[in-house]
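Read top to bottom, the protein sequences are chains G and W.
No gaps in the numbering here: position 22 of the first sequence is 22 in this note's numbering, and each next residue is one more.
Numbering-wise, this note's numbering comes out as the position in the second sequence, counting from 1, plus 1000.
Simulated from the structure, these hints should not be mistaken for laboratory data.
A few of these clues could be false.
Quick look at which bits of chain G chain W covers, simulated, 3 or more residues with Cβ under 8 Å [stated by the list, open to error]: (1) 232-239; (2) 267-279; (3) 330-337; (4) 352-364.
Every residue, glycine too, gets a C-beta built ideally from N, C-alpha and C.
Spelled out, the chains give:
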Amino acid sequence: MVRSHVLVCGGTGCTSSDSPKIIDALEKELSKQGIADEVKVVRTGCFGLCALGPVMIVYPEGCFYSMVKVEDIPEIVSEHLLKGRIVTRLLYQETVDKDQIKSLNDTDFYKKQVRVALRNCGVINPESIEEYIAFDGYQALAKCLTEYTPEQVIQIVTDSGLRGRGGGGFPTGRKWALTAPNKAPQKYVVCNADEGDPGAFMDRSVLEGDPHCLIEAMTIAGYAIGATKGFVYVRAEYPIAVKRLQMAIDQAHEYGLLGKNLFDSGFDFDLEIRLGAGAFVCGEETALMTSIEGNRGEPRPRPPYPAVKGLFGMPTVENNVETFANIPQIILKGADWFASMGTEKSKGTKVFALGGKIKHTGLVEIPMGTTLREIVEEIGGGIPGGKKFKAAQTGGPSGGCIPADLIDTKIDYDNLTALGCMMGSGGLIVMDEDTCMVDIAKFFLEFTVDESCGKCTPCRVGTKRLYEKLEKITSGNGTMEDIDELEELCNYIKENSLCGLGQTAPNPVLSTLRFFRDEYIAHVKDKKCPAGVCKSLLQYFIIADKCKGCTACARVCPVGAISGSVKQPHVIDTSKCIKCGACMEKCKFGAIVKR
Amino acid sequence: MQKKISKIPFKGTAEQKQRLLKVIDAYHDDPSRLMTVMQEAQDIYGYLPFEVQQMIADGMNIPLEKVYGVATFYSQFSLSPKGVYNVSVCLGTACYVKGSGDIFNRISEKLGIGADECTEDGKFSLTACRCIGACGLAPVMTVNDDVYGRLNVDDVDGILAKYSD
Chain G
1 MVRSHVLVCG
11 GTGCTSSDSP
21 KIIDALEKEL
31 SKQGIADEVK
41 VVRTGCFGLC
51 ALGPVMIVYP
61 EGCFYSMVKV
71 EDIPEIVSEH
81 LLKGRIVTRL
91 LYQETVDKDQ
101 IKSLNDTDFY
111 KKQVRVALRN
121 CGVINPESIE
131 EYIAFDGYQA
141 LAKCLTEYTP
151 EQVIQIVTDS
161 GLRGRGGGGF
171 PTGRKWALTA
181 PNKAPQKYVV
191 CNADEGDPGA
201 FMDRSVLEGD
211 PHCLIEAMTI
221 AGYAIGATKG
231 FVYVRAEYPI
241 AVKRLQMAID
251 QAHEYGLLGK
261 NLFDSGFDFD
271 LEIRLGAGAF
281 VCGEETALMT
291 SIEGNRGEPR
301 PRPPYPAVKG
311 LFGMPTVENN
321 VETFANIPQI
331 ILKGADWFAS
341 MGTEKSKGTK
351 VFALGGKIKH
361 TGLVEIPMGT
371 TLREIVEEIG
381 GGIPGGKKFK
391 AAQTGGPSGG
401 CIPADLIDTK
411 IDYDNLTALG
421 CMMGSGGLIV
431 MDEDTCMVDI
441 AKFFLEFTVD
451 ESCGKCTPCR
461 VGTKRLYEKL
471 EKITSGNGTM
481 EDIDELEELC
491 NYIKENSLCG
501 LGQTAPNPVL
511 STLRFFRDEY
521 IAHVKDKKCP
531 AGVCKSLLQY
541 FIIADKCKGC
551 TACARVCPVG
561 AISGSVKQPH
571 VIDTSKCIKC
581 GACMEKCKFG
591 AIVKR
Chain W
1001 MQKKISKIPF
1011 KGTAEQKQRL
1021 LKVIDAYHDD
1031 PSRLMTVMQE
1041 AQDIYGYLPF
1051 EVQQMIADGM
1061 NIPLEKVYGV
1071 ATFYSQFSLS
1081 PKGVYNVSVC
1091 LGTACYVKGS
1101 GDIFNRISEK
1111 LGIGADECTE
1121 DGKFSLTACR
1131 CIGACGLAPV
1141 MTVNDDVYGR
1151 LNVDDVDGIL
1161 AKYSD
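I would like the entire structure built from these sequences, with the hints used as guidance.
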């Protein structure tokens, strides 16, 4: 008889912070104390609160232990699991309210979240099809195959208002409806799991935490459009995800939930995994299909759209993982339920990967229309170190920044687009006052220069020129004309590039120019980097009042740029200084500043 | 991005060749499996020298120029060998704003090699990667399969020391 369940996160974040060792230690300790039959250890998908990893949760009490160490395991086992005394010291402190233990769902991080796509992540064992079935798994598929016609399925998805979660936000139902009527000997369903946007990892989380959900949704899509074959294109950088998905596909075959004549309906469907090999452009749908065909992943001009001529020249529906993850719930709970969440034109929830300068980094799923302030200050717990919020970046290399004075913006597709940002796949990187916006724009351009596939000139050459201009500005050699030319070139690249990568590549520059033009001007006119990031524009100074004349800085300076006698304020010769920062590290009195 | 092509002579063994031929045999009638074969080949040899690309081209009946085209397009394929320990620093956005650029530079300085290079003794190689998805632990680096997170520049020396026995 199992009286207690211990759920340990086995997502990539926690695995990287050694959760496999925790599971090992836990199992050993349980047998040592003779209660291995009474306590079940389950390795789940991601809980979302990656910053506190490795994390585990003990049921029935619902105690949330964070940053667990192997050394803590004997105590947790002997105190909590054997004697029933919770080890308060090791709990996530936000769940401890005086002597009371709060549910995790009442903490700031989880309170405002609504989990649809991530509903099973961190709850079930992703390697067990039985657990998925116990949580209503494959019921939506059964309902579709036995009660609905393909047209009805498409109608439900259309009515729900679900839009593509991978970037552009194209209505999913319409995409399916465009593909369904096209006659062809073979049609395909493709899942884009090539989550290339740096800083976003929600798709991986679904693949790792709830792989059956994807299989079910793709099968439903296959039924709706009349496709019998599906491909999941996964990044090779996600080994755990690939392993679990393959395991799930094998289990589904075993249970007759993939293969021939599903639910005796006469409908066949099969899935295959294809591994990507690290190319950002393969997130673009036509490039992804070219890659599955075994070629360089270059996009092709549209039309013809994939709905007509997609993978191997056949009609194809392509959606990303998070989009698919919403489908089974929409079928089970109905279009109205889904459409009741969110804003007028953006329905449902969206998963964001919170990262950067924020206390609670991790995955959050919130209704569309939640304000940026709620995400950053309440769910994210604010900026660490008492620093000020400067901007949030969404949409990765294709997106833009939302500055601090627009922090009350309601996050949905249209509001973001109006700000020159985009939803993208949902990476949300928080930046504080120590982040230089010109440098960030340069960072993203370096990325797109690297990742441009080279097929069309505006993107291949244009992004490079943009990068060079930014390099010129951050090194202190820019002119005001450069800023104007930058803007002109951005617009040219946007209008003339072949695919989404090029068309959105200038966004980080345009958006920072729009909201932080004064920073560009400071770099150009005053030759200063206000955030203190761009090395060539920095100078180190000693504040005479604070300097005690201890000589520590002068001794550590590798080029002898610091002079001054003992117990007298020292001075840095800026013409000799190589800006290595060694003096600043050494100074105990905080007398050295860069500006 | 321009790929570095190794000038080190190819030292494949008969056993490796056997393994590769087996992989080719399994997929040779499906040209869309080219990348799968190349991925397995890279697992076998550690990288994709011309000799291996030629074997794949012959076995799959695909022109060598296409194999080379695919090899140079995707960042995962390497045309030069990796060190015994491949150090990879994440330069994704979340890691970058938390200072992974400095960490990369320190390692590069310490090992005396740049991105995609290998130390002369073949011990270490260095790569910059784009997000391994462990953004909650940013900044992150990996040495082969070991992941190190929540780093600062001073941690670098200690981590490298673990592997330089």
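Verification of the hints:
{"no.": "1", "hint": "232-239", "result": "holds (count 3)"}
{"no.": "2", "hint": "267-279", "result": "holds (count 6)"}
{"no.": "3", "hint": "330-337", "result": "violated (count 0)"}
{"no.": "4", "hint": "352-364", "result": "holds (count 6)"}
Going through the hint list in order, the structure does not satisfy hint 3, though it satisfies all others.
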